[in-house]
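Asks: Please build the complex by placing chain B on the supplied structure of chain V, with the hints as guidance.
This is what each chain is made of:
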Amino acid sequence: MSKAYFYYAILIGAVCVYFLIHTAIFPQNMLLRNAIIQGALIGFGLAFVSAQIYARAKATKVNGWITMYGLGRSSNGMFLRAAHAQLFPGPVNTPEEAIYWWTNSDSAGHALTGAHDYVLHFPTGGLPPNKAFWSITMGDAKNRYVANPINLYSVSDRSGLAQNRDGSVDIYIQKAAPMEKEANWLPAPSEKFILWLRVYIPCEAVLKGQYTVPPVAKAR
Amino acid sequence: MMAMNNPNLLIFAAVVVVVWCLAIYFWPRLLLSVYKRAILVRGMGDGPIPVNTLYTEP
Numbered sequence: 001m002s003k004a005y006f007y008y009a010i011l012i013g014a015v016c017v018y019f020l021i022h023t024a025i026f027p028q029n030m031l032l033r034n035a036i037i038q039g040a041l042i043g044f045g046l047a048f049v050s051a052q053i054y055a056r057a058k059a060t061k062v063n064g065w066i067t068m069y070g071l072g073r074s075s076n077g078m079f080l081r082a083a084h085a086q087l088f089p090g091p092v093n094t095p096e097e098a099i100y101w102w103t104n105s106d107s108a109g110h111a112l113t114g115a116h117d118y119v120l121h122f123p124t125g126g127l128p129p130n131k132a133f134w135s136i137t138m139g140d141a142k143n144r145y146v147a148n149p150i151n152l153y154s155v156s157d158r159s160g161l162a163q164n165r166d167g168s169v170d171i172y173i174q175k176a177a178p179m180e181k182e183a184n185w186l187p188a189p190s191e192k193f194i195l196w197l198r199v200y201i202p203c204e205a206v207l208k209g210q211y212t213v214p215p216v217a218k219a220r
Numbered sequence: 001m002m003a004m005n006n007p008n009l010l011i012f013a014a015v016v017v018v019v020w021c022l023a024i025y026f027w028p029r030l031l032l033s034v035y036k037r038a039i040l041v042r043g044m045g046d047g048p049i050p051v052n053t054l055y056t057e058p
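First to last, the sequence lines map onto chains V and B.
The opening residue of the first sequence carries number 1 in my numbering; numbering runs sequentially from there.
The opening residue of the second sequence carries number 1 in my numbering; numbering runs sequentially from there.
If we strip away everything but chain V, and leave its shape as in the complex, we get (with noise of 0.2 Å):
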């Protein structure tokens, strides 16, 4: 999950404590106009951190990938909605449209980085179960897509990705092209990157949650 959005939670959390326990330790100096203003400004801090902390409680995360189950359900309440917005912004369709996972880290929770290479390993049989298809993105820090030499910016089971012997699948996440590999190459920018993973029309497994998504293993 975003450290900076983290940090910046605990900022406002820390901020919103001290002006309540400033008002509780000096009632008598609260002025009307400042009664509307602070209460403003601390009613929005905190639905912010409240917000945070439900989403980071309602989250799930395995090896890295994080995804939130129940996303753009109508019945979910008014909290619920604002802790998916939280890991989710943009629009999502229901579960049974598409599940959605995203990771900032690899599987020893070091930050995704073009610095180094990675290598995500679906083992045969393990690629998302769908029945539509399924789409790995890469988006850069700010979740912009990474112009690069093959303009491509997501694999998917319609990539033509190439099988190892065994039947499972590799994908290699760097910045230069793998040699020989190049099929199963999905280019990634110098700097700090994120990988979304979208399955539409998910199996049950993956409604269940009982899939899960391999890790993003550093090869170098």
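No lab work stands behind these hints: they were computed from the structure.
Don't take every hint at face value.
Unchecked claim - Listed below are the simulated SDA-like cross-link pairs for lysine to any residue, each with C-alpha atoms no more than 25 Å apart in a straight line:
no., chain 1, residue 1, chain 2, residue 2
1, V, K218, V, V146
2, V, K142, B, R29
3, B, K36, V, G70
4, B, K36, V, Y153
5, V, K3, V, V15
6, B, K36, V, R144
Replies: Frame of chain V, contents of chain B only:
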């Protein structure tokens, strides 16, 4: 007791609760409208992107 000392504290607490509820309620809608404007209206490079394509389908 504190509220009796300064009635503005009640206003302060009420504003905190109301703004918290409003922020929680409108946060996803706010983000969604920003994304819609950025992706579906302005687009990236070649202009607006139709709903449900978003470059995810191969």
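Asks: CA of K218 of chain V to CA of V146 of chain V, is that 25 Å or under?
Replies: holds, 20 Å
Asks: Against the 25 Å threshold, does the CA-CA distance of K142 of chain V and R29 of chain B hold or violate the hint?
Replies: holds, 21 Å
Asks: Can the restraint linking K36 of chain B and R144 of chain V be considered satisfied, given a maximum Cα separation of 25 Å?
Replies: holds, 16 Å
Asks: Taken at face value, is the distance from the CA of Y153 of chain V to the CA of K36 of chain B at most 25 Å?
Replies: holds, 21 Å
Asks: Given the hint that K36 of chain B pairs with G70 of chain V, test it: the Cα-Cα distance must not exceed 25 Å.
Replies: Judged against 25 Å, a Cα distance of about 21 Å means the pair holds.
Asks: Are K3 of chain V and V15 of chain V close enough, with their CA atoms no more than 25 Å apart?
Replies: Holds - the C-alpha atoms of V15 of chain V and K3 of chain V are around 18 Å apart, at most 25 Å.
Comparing the model with each earlier hint shows no violations; every hint is respected.
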